[in-house]
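Going line by line, the protein sequences match chains A and B. Letter by letter, the first sequence follows residues 155 to 522 of my numbering. Letter by letter, the second sequence follows residues 155 to 522 of my numbering.
To be clear, the hints were calculated from the coordinates, so they are not data collected in a lab. Be careful, since some hints might not be right.
Repeated chains share a single entry, so a pair holds when one copy, or any two copies, can fit it.
No more than 20 Å apart at the CA atoms, straight line, and that leaves these computed lysine to aspartate or glutamate pairs for EDC-like [stated by the list, open to error]:
(1) K293 to D226
(2) K272 to D362
(3) K293 to E432
(4) K293 to E427
(5) K225 to D460
(6) K502 to D452
(7) K206 to D372
(8) K243 to D495
(9) K162 to E455
(10) K444 to E301
(11) K450 to E176
(12) K225 to D298
(13) K328 to E455
Number of protein chains: 2
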Amino acid sequence: MKNFFISKSRRVRSTPFTSRIEEQGVKSYTVYNHMLLPITFSSVEEEYLHLKKDVQVWDVSVQREIEISGKDSHRLVQLMTCRDLSNSKIGSCYYAPLVDVNGGIINDPLIYKLSDDKWRVCIADSDVLLFAKGIAGSKGLNVDIFEADINTLAIQGPKSFKLMEEVFGKEITKLKFFKFDFFNFKNNKYLISRSGFSKQGGYEVHIDNIDAGLLLYDHLFNIGNKYNLKPGAPNHAERIEGGLLSYGSDMLINDNPFECGFENSVHLDTNIEFLGKESLKKIKTKGINKKLMGVKIDTKELGLTDVQLLDTNNNIIGELRSAAFSPSFKKIVGIAMVNKDFCKNYQKFNMKIKDNLITGSIYNFPIL
Amino acid sequence: MKNFFISKSRRVRSTPFTSRIEEQGVKSYTVYNHMLLPITFSSVEEEYLHLKKDVQVWDVSVQREIEISGKDSHRLVQLMTCRDLSNSKIGSCYYAPLVDVNGGIINDPLIYKLSDDKWRVCIADSDVLLFAKGIAGSKGLNVDIFEADINTLAIQGPKSFKLMEEVFGKEITKLKFFKFDFFNFKNNKYLISRSGFSKQGGYEVHIDNIDAGLLLYDHLFNIGNKYNLKPGAPNHAERIEGGLLSYGSDMLINDNPFECGFENSVHLDTNIEFLGKESLKKIKTKGINKKLMGVKIDTKELGLTDVQLLDTNNNIIGELRSAAFSPSFKKIVGIAMVNKDFCKNYQKFNMKIKDNLITGSIYNFPIL
């Protein structure tokens, strides 16, 4: 595939770490929430293997945080998601599909409860700020909504625990999955969650003070050699194998939470109020006829427009949404929206790529 | 400045014309509304001069169109904008700032009225779809809202009129500015508006049928030689000189319509209902203390972080929002948010660039 340059502008924002990662040799970017997201430093294959073995620091400032505070903040956050947040706890993160009035997914954020009247919605790639503002403005809710000036570093990989222990002390290793707390380093306080867009374990540091962020960034690389620390980025093959979904690729507004495997986060029998409740009740009663599944495809390269999954009679039985070469399986792994009848582990399918018939198999997540 | 590659993915969508413009030698892209926007084919300077002299075809499919239809569609469109649409006409386009409950600008679309209950909001770079859905879902409005499958080609430049006349006949030259109508070519019907993001004149063809779009694209380049037709893209220097604003660069959600020169589109004395009405009344009473102005800066190159405008005592008097090298003036032109006291044509200012003091002047739009 031919390469093209990215044109930088003020509309597509840099992050506080952009100059650092450019010194460290970043090669390519994508744009996510109107901001630069680094993609590769060496090659995605090398970085896949490194991520599974050592530890990486990712500049994921693009995970913008929509802060919602005020008397009606709990009500507003609940209005946006089908996940029941009634018993939510301060210090916990909630992975929660946001849905529109039709039950279509508009984002799949991690929601941080900071206090009973202060929440941060840490978003995937769509302007949740405008959805929240549309609802709050229409209902006259007593809330303050804005995109917080927070930039996030993810520390991911099996050695992330030892690295972070060296910086923040033993205490941080006791932080449980999807919990967050405040930790100190050189007189600065950092909000850190045990979370991240990989299945290799790690933390996310939510930085609200750029100087403190740069201090930490440089310190991590100063001491990182013994952990083989490298700069990195979310790795598609790794997250696909783990079944971590990417909003905008794997699912969009015309997909509902049942089709995307979020059935455990759809709470229709409680008395919570959210926009898509009636629609999701109807969808549940009617049942779904397609679902997101993992796939392996017996080839090493695919074009972006190669998306049709076929049965043996050349009928379309699914649509590929994400794909990447897996160094583990030495073939393409992917995520596809598959007709219900074919949603079975090891189910075979075909794809027609440049007049060749290529075979593949459906998998449950994680893809093993 | 160092160059970086753009990482392509399904999340950042291609357009129906992407394969065409890649054959035609596009060099760089940006991302706009989750889609690829071409930026340069040769150099922005060459393309500036060509745009002012001849004619270009731009793939501006990124100008996504949010279609709002149904009984309450007029009400919903009005709820989003401070511009009074009571007397709006079918066949007209309305440039209208959309505002949140605080009066902050969330987009500056061109709104197309197709019928009394069918509108298309042709958007700048933010998810207006989610704002509309938030409002409609909260108020229980009877509307259907979706991103239409429309991809737009802009035909821009002084020779666009002759070129389009050859394709669509004399009739199209009678279309007035900010009007639209349907025109035929080879048994296909095209919705065409007299509009576009340049001051050189031209049309936008809103394509809802990809085959018809590709047919037109190829035909334009088949007959285009005699008009010196070339592929192109919105040109920053040209649009800055003309005072065409770019949402995300020149203005964002913390800016209000008065600060951005939209005072003629803020209708507070009519009985229309929109979210930001009370806030804009207060802002109007209080008055504003900064405003977007044109600038010329006496240098040929600026970094993206060079933004502070200074007075002779080194006080900050403004913030540069957009900048580009102008082949006409042989210096940088830009758009800046300037403290009110300095919003005067020919007002001098300084900028500190890498320890050098550089001079500049404020201008009214268009920058002459």
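Structure-based check of each hint:
1. K293 to D226: both (10 Å within a copy, 17 Å between copies)
2. K272 to D362: Classified as within: same-chain Cα gap 15 Å, cross-chain 44 Å, threshold 20 Å.
3. K293 to E432: both (18 Å within a copy, 15 Å between copies)
4. K293 to E427: both (13 Å within a copy, 14 Å between copies)
5. K225 to D460: neither (49 Å within a copy, 40 Å between copies)
6. K502 to D452: Result: close within a single copy only, 11 Å intra versus 65 Å inter.
7. K206 to D372: Result: close neither inside a copy nor across copies, 23 Å intra and 48 Å inter.
8. K243 to D495: neither (39 Å within a copy, 50 Å between copies)
9. K162 to E455: This pair counts as between: shortest inter-copy Cα distance 14 Å, intra-copy 29 Å.
10. K444 to E301: neither (35 Å within a copy, 22 Å between copies)
11. K450 to E176: Neither, since 34 Å and 30 Å both go past 20 Å.
12. K225 to D298: For K225 and D298, the Cα distance is within 20 Å only inside one copy (9 Å; across copies 32 Å).
13. K328 to E455: neither (42 Å within a copy, 51 Å between copies)
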